[in-house]
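Model the full assembly from the supplied sequences, consistent with the hints where possible.
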Amino acid sequence: MTPLEALQATLAAEHAAVYLTGVLGAQASQSRQPVLYAALTSAYRAHRRNRDHLTVAITTAGGVPVAAAVAYELPPAMSNASELNDAALQLERRIAETYGQLVENTAGAERRWALVALTESATRYLEFRGTPEMFPGSAS
1 MTPLEALQAT
11 LAAEHAAVYL
21 TGVLGAQASQ
31 SRQPVLYAAL
41 TSAYRAHRRN
51 RDHLTVAITT
61 AGGVPVAAAV
71 AYELPPAMSN
81 ASELNDAALQ
91 LERRIAETYG
101 QLVENTAGAE
111 RRWALVALTE
121 SATRYLEFRG
131 TPEMFPGSAS
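Just so we're aligned, residue 1 is where the sequence shown starts under UniProt numbering, counting upward by one.
For the record, the hints were derived by calculation from the structure and aren't laboratory data. Any given hint could be a false lead.
Claimed, not checked - Here are the computed distance ranges between Cβ atoms for each label pair: (1) N80 x D52: 28 to 38 Å; (2) L74 x S29: 31 to 41 Å; (3) R45 x P75: 16 to 26 Å; (4) R129 x E73: 37 to 47 Å; (5) D86 x L115: 39 to 49 Å; (6) Q90 x V116: 13 to 23 Å.
These numbers were taken from a predicted model, which means no experiment stands behind them. Where is the CB? At the ideal position from N, CA and C, for every residue including glycine.
What follows is the structure, given as structure tokens:
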């Protein structure tokens, strides 16, 4: 995978993450589930920030950023806090794997940025009650 392909794949994953965290946040109750709501809101903002960074990085590298899809597949169950949390947990695991690939396929400043994004994703994974992993972002 070339660095540009890795950036594009990560951008595509971030488009999906922005969509899904927005949907999950809309399903969470700010008054009944304040911790979950805050975590989802924070994740949404982080994924938007990462998406915007990737868009600039791809353009700077001479590429045309991949567009977001019209819609994305949603988890089958999102009716309670536990299901919302589980969906966010799985999202962060997938996005961490994508950032692991970006780390593997880039160098210099982009690799350093990808390492920070991977670390942030692994931290969010733990906030959503994930189990600590020896090497977050490595494909299992």
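Quick rundown of the hints versus the structure:
| no. | hint | in the structure |
| --- | --- | --- |
| 1 | N80 x D52: 28 to 38 Å | holds, 32 Å |
| 2 | L74 x S29: 31 to 41 Å | violated, 18 Å |
| 3 | R45 x P75: 16 to 26 Å | holds, 21 Å |
| 4 | R129 x E73: 37 to 47 Å | violated, 23 Å |
| 5 | D86 x L115: 39 to 49 Å | violated, 27 Å |
| 6 | Q90 x V116: 13 to 23 Å | holds, 22 Å |
When held up to the earlier numbered hints, the structure conflicts with 2, 4, 5 and fits the remainder.
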